[in-house]
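Visitor: Listed here are the chains, written in short residue letters.
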Amino acid sequence: MALLQIAEPGQSAAPHEHKLAVGIDLGTTNSLVATVRSGLSVVLSDELGRSLLPSVVHYKADGATEVGYEPQTRQSQDPKNTIASVKRFMGRGRSDIAHVESIPYDFVDAPGMVKLRTVAGIKSPVEISAEILSVLRARAEAALGGPLVGAVITVPAYFDDAQRQATKDAAKLAGISVLRLLNEPTAAAIAYGLDNSAEGIYAVYDLGGGTFDISILRLSKGIFEVLATGGDSALGGDDFDHRIFCWILESAKLAPLSSNDARLLLTRAREAKEYLTYHSEAPITARLSTGVLVDMTLTTAIFNEITQTLVMKTIQPVKKALRDAGLSASDVKGVVMVGGATRMPQIQRAVGEYFRQEPLNNLDPDKVVAIGAATQANLLAGNRAAGDDWLLLDVIPLSLGLETMGGIVEKVIPRNSTIPSARAQEFTTFKDGQTAMAIHVVQGERELVSDCRSLARFELRGIPPMVAGAARIRVTFQVDADGLLSVSACEQTSGVEASVTVKPSYGLSDDEIAGMLKDSMEHAKDDAFRRALAEAQVEAKRLVEAVQAALQSDGELVSAGERGRIDVAITKLQEVAQSENRRHVTLAMDDLEAETKEFAARRMDKSIRRALAGRRVEELGNGLEAKGEQA
Amino acid sequence: MDFNADHFALFGLSRAFRIDAATLDARYRELQAEVHPDRFANAGDADRRRSMQWATKANEAYQALKKPQERAKYLLHLAGHDVGAENNTAMPVDFLMEQMEWREGVAEARAAGNHHELEHLHHRLRERMVASYEELAALLDDTKDYDTAADRVRRLMFLEKLLFEIDDAIVALEEE
Numbered sequence: 001m002a003l004l005q006i007a008e009p010g011q012s013a014a015p016h017e018h019k020l021a022v023g024i025d026l027g028t029t030n031s032l033v034a035t036v037r038s039g040l041s042v043v044l045s046d047e048l049g050r051s052l053l054p055s056v057v058h059y060k061a062d063g064a065t066e067v068g069y070e071p072q073t074r075q076s077q078d079p080k081n082t083i084a085s086v087k088r089f090m091g092r093g094r095s096d097i098a099h100v101e102s103i104p105y106d107f108v109d110a111p112g113m114v115k116l117r118t119v120a121g122i123k124s125p126v127e128i129s130a131e132i133l134s135v136l137r138a139r140a141e142a143a144l145g146g147p148l149v150g151a152v153i154t155v156p157a158y159f160d161d162a163q164r165q166a167t168k169d170a171a172k173l174a175g176i177s178v179l180r181l182l183n184e185p186t187a188a189a190i191a192y193g194l195d196n197s198a199e200g201i202y203a204v205y206d207l208g209g210g211t212f213d214i215s216i217l218r219l220s221k222g223i224f225e226v227l228a229t230g231g232d233s234a235l236g237g238d239d240f241d242h243r244i245f246c247w248i249l250e251s252a253k254l255a256p257l258s259s260n261d262a263r264l265l266l267t268r269a270r271e272a273k274e275y276l277t278y279h280s281e282a283p284i285t286a287r288l289s290t291g292v293l294v295d296m297t298l299t300t301a302i303f304n305e306i307t308q309t310l311v312m313k314t315i316q317p318v319k320k321a322l323r324d325a326g327l328s329a330s331d332v333k334g335v336v337m338v339g340g341a342t343r344m345p346q347i348q349r350a351v352g353e354y355f356r357q358e359p360l361n362n363l364d365p366d367k368v369v370a371i372g373a374a375t376q377a378n379l380l381a382g383n384r385a386a387g388d389d390w391l392l393l394d395v396i397p398l399s400l401g402l403e404t405m406g407g408i409v410e411k412v413i414p415r416n417s418t419i420p421s422a423r424a425q426e427f428t429t430f431k432d433g434q435t436a437m438a439i440h441v442v443q444g445e446r447e448l449v450s451d452c453r454s455l456a457r458f459e460l461r462g463i464p465p466m467v468a469g470a471a472r473i474r475v476t477f478q479v480d481a482d483g484l485l486s487v488s489a490c491e492q493t494s495g496v497e498a499s500v501t502v503k504p505s506y507g508l509s510d511d512e513i514a515g516m517l518k519d520s521m522e523h524a525k526d527d528a529f530r531r532a533l534a535e536a537q538v539e540a541k542r543l544v545e546a547v548q549a550a551l552q553s554d555g556e557l558v559s560a561g562e563r564g565r566i567d568v569a570i571t572k573l574q575e576v577a578q579s580e581n582r583r584h585v586t587l588a589m590d591d592l593e594a595e596t597k598e599f600a601a602r603r604m605d606k607s608i609r610r611a612l613a614g615r616r617v618e619e620l621g622n623g624l625e626a627k628g629e630q631a
Numbered sequence: 001m002d003f004n005a006d007h008f009a010l011f012g013l014s015r016a017f018r019i020d021a022a023t024l025d026a027r028y029r030e031l032q033a034e035v036h037p038d039r040f041a042n043a044g045d046a047d048r049r050r051s052m053q054w055a056t057k058a059n060e061a062y063q064a065l066k067k068p069q070e071r072a073k074y075l076l077h078l079a080g081h082d083v084g085a086e087n088n089t090a091m092p093v094d095f096l097m098e099q100m101e102w103r104e105g106v107a108e109a110r111a112a113g114n115h116h117e118l119e120h121l122h123h124r125l126r127e128r129m130v131a132s133y134e135e136l137a138a139l140l141d142d143t144k145d146y147d148t149a150a151d152r153v154r155r156l157m158f159l160e161k162l163l164f165e166i167d168d169a170i171v172a173l174e175e176e
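Read top to bottom, the protein sequences are chains A and B.
The opening residue of the first sequence carries number 1 in this note's numbering; numbering runs sequentially from there.
The opening residue of the second sequence carries number 1 in this note's numbering; numbering runs sequentially from there.
Simulated from the structure, these hints should not be mistaken for lab results.
Check the hints yourself; a few may be wrong.
[As the list claims (entries may be wrong)] Residues from chain A that face chain B, not an exhaustive set, calculated with beta carbons under 8 angstroms: (1) 177; (2) 179; (3) 180; (4) 323; (5) 327; (6) 381; (7) 382; (8) 393; (9) 422; (10) 565; (11) 568; (12) 570.
Computed from a prediction, not measured in an experiment: that's the story for all the values here.
We treat Cβ as the ideally placed atom computed from N, Cα and C, and that holds for glycine.
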């Protein structure tokens, strides 16, 4: 008789069935890969024992590529073919990239996403990211001794649909099956929460090289529930370097620098910043190509002074996220610090003061995201061990909506909705006999389409001709657990359908997202005004078209005098509808309605008579009954 | 479990305005722990699709029941008394007058940069809303006076909008 096998608690039942899964932190500056080994999440190192992989890709003329430390150190030798910080270009059009002129790459504008011309050919950011992911995949497979079943890949919490989709595509290109896209602060919360058996409300403050994320989570009995997320993507450790750089220029009264000297001083600035984490002053010395010797000392006091506004800029999104979560700073039990830039003492102090508690720093801020991702990858791959029954409930960072008449956004799924999420909204036709409807999907917080990011456009065709407002078009948004959106539209009375998995033509720039969130707060009033105006203009247009259609079909019902007055009222309304004065538009509409009141009554009479003449009495009765049921 | 069950049945709660928030939270989490797509990352297409539908439904139901105002709307919907806020915007004059007074108060405090007064208005309005919830509980659970309840929900929608405006004003002051 065969002996029954009993696995040790906390280990998977059959070691040979352990599925190889990893978590990947695909960072702007550095990338990492981690996995769970013997129940412990560990970062995998290269053959030299280095855990970070600089996110720099060098293309050579023969088509070969190099990724990591080598190309990073030789970046200035072949700048056009050595791509750093490619994450900034993911899901972006050329016009979306800030300071595109000052970036040394040869950009090629392409529909959907910008591309880069290299000696090895034209490369999309997806392909370049895939090179980084391939190196990490190879590292993992060598360390784990077999092919991966899949990976969890982290993205900034504020990443929009286009950027998420681009990340997923890059993984596919690198031959990695994506188990889930995971928000970076959420990954950090998992690593921290499971390590510390944390319960209660936690904030994750994630300041990276170029981005800032804040997430508020409730940890309870193994559930990680994200309550709100926010950020400022135009803010990161690089901005602190830049402030020091500017301070050097001013203090040393330097003439405009060559790009090589500028790069040198930026490097010195970064070194000084890092030095000040553990010292009260940092020496800065550099010999410029002009022969000028820069030799100065940056004190903590000066550093704090010149970066104070940057520090305060991170606190605003924190306040907003707390408000979105319906909480105050005193509700927060712990603040987990993530990202290399949180090592700066003034950041630690500001966060500590705002939350009135010491921030939590017991995990390496560079590794915590990858470690959390590995933990989730292990769970998703099915290596669930006893006690591993935790669950993650995340949210979408930006509202999703549709364009309606007048360029106004109708929000369908509000920001901070728990995913997966679905919402349906009904729309109707604007014109008589309208047989198609353009569906324009947008993402952002502002009320006007022009202020939000366009995600996708598609058309619902074959709507049976009906009078304006009679069609019932149900548009359904579905956001999956990766935060990716699909949209479908269906005309309810006819069953005509159209759907699209939103493969957006381009995404929002980081600056834009942060800016949009901020703007929507600042311009809430302005928006309301413009929205009211736009609505009035749509109404005015609708009214003019209705009157003109009526005049065309039943023109014989108005006298010449009436017709003249109506025409004048129409012209007047068309004129004021162009203006910015909502009240004038409303008044002119009232005038036109007054002029056409008699005409409308006569038309109604005419159509009733026509109906009565063409139908038997019982038919009419049935018709009324049917109508009554519908109402 | 019936996919078409109402939100209360989904969480094993009886159909009432008065619910225990802790029980709702707990049931929601229990349900998500069962149906969430993370539990089916390894499963086949059909299972994954079903999981997403269920998790989506659980989120929708939780949102509908968590907030008192949404819960009242949903109960009215189940009772066949839709609030009909879109077509029924006519409110009594005294209520509208009161709304205007509130708004003037907010605008004045905002203009004067009076953070304290805004916090005070926020607090007063919250109290007013909480009192409405108690009234709604009696109307929906005890007397089953759905018409009056629908009217109270419409009023609450005004109050909630006002609360957003006060909060926006507070944030705007903080950012100045």
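Visitor: For every hint, state whether the structure bears it out.
Guide: Hints versus structure:
1. At a threshold of 8 angstroms, the smallest CB-CB gap from residue 177 of chain A to chain B is about 10 angstroms, leaving the interface hint violated.
2. For residue 179 of chain A, the interface hint holds, since its Cβ comes within 8 angstroms of a Cβ in chain B; the closest pair sits about 5 angstroms apart.
3. Contact between residue 180 of chain A and chain B, as hinted, is supported at the beta carbon level, the nearest pair being about 7 angstroms apart and thus within 8 angstroms.
4. The beta carbon of residue 323 of chain A comes within 7 angstroms of a beta carbon in chain B, closer than 8 angstroms, and the hint placing it at the interface holds.
5. Interface hint at residue 327 of chain A: violated, since its Cβ lies 13 angstroms from the closest Cβ of chain B, which is beyond the 8 angstroms cut-off.
6. Interface hint at residue 381 of chain A: satisfied, since its Cβ lies 7 angstroms from the closest Cβ of chain B, which is below the 8 angstroms cut-off.
7. A least Cβ separation of about 5 angstroms between residue 382 of chain A and chain B falls short of the 8 angstroms threshold, and the interface hint therefore holds.
8. Restraint check, residue 393 of chain A versus chain B: the minimum CB separation of about 6 angstroms is within 8 angstroms; hint holds.
9. Annotation: residue 422 of chain A was flagged as interfacial toward chain B, and the flag holds, the nearest CB pair being 5 angstroms apart, inside 8 angstroms.
10. The beta carbon of residue 565 of chain A is not positioned within 8 angstroms of any beta carbon in chain B (closest approach about 31 angstroms), and the interface hint is therefore violated.
11. Look at residue 568 of chain A: its Cβ only gets to about 32 angstroms from chain B, farther than 8 angstroms, so that hint breaks.
12. The interface hint given for residue 570 of chain A is broken, as the beta carbon of that residue sits about 28 angstroms from the closest beta carbon of chain B, more than 8 angstroms.
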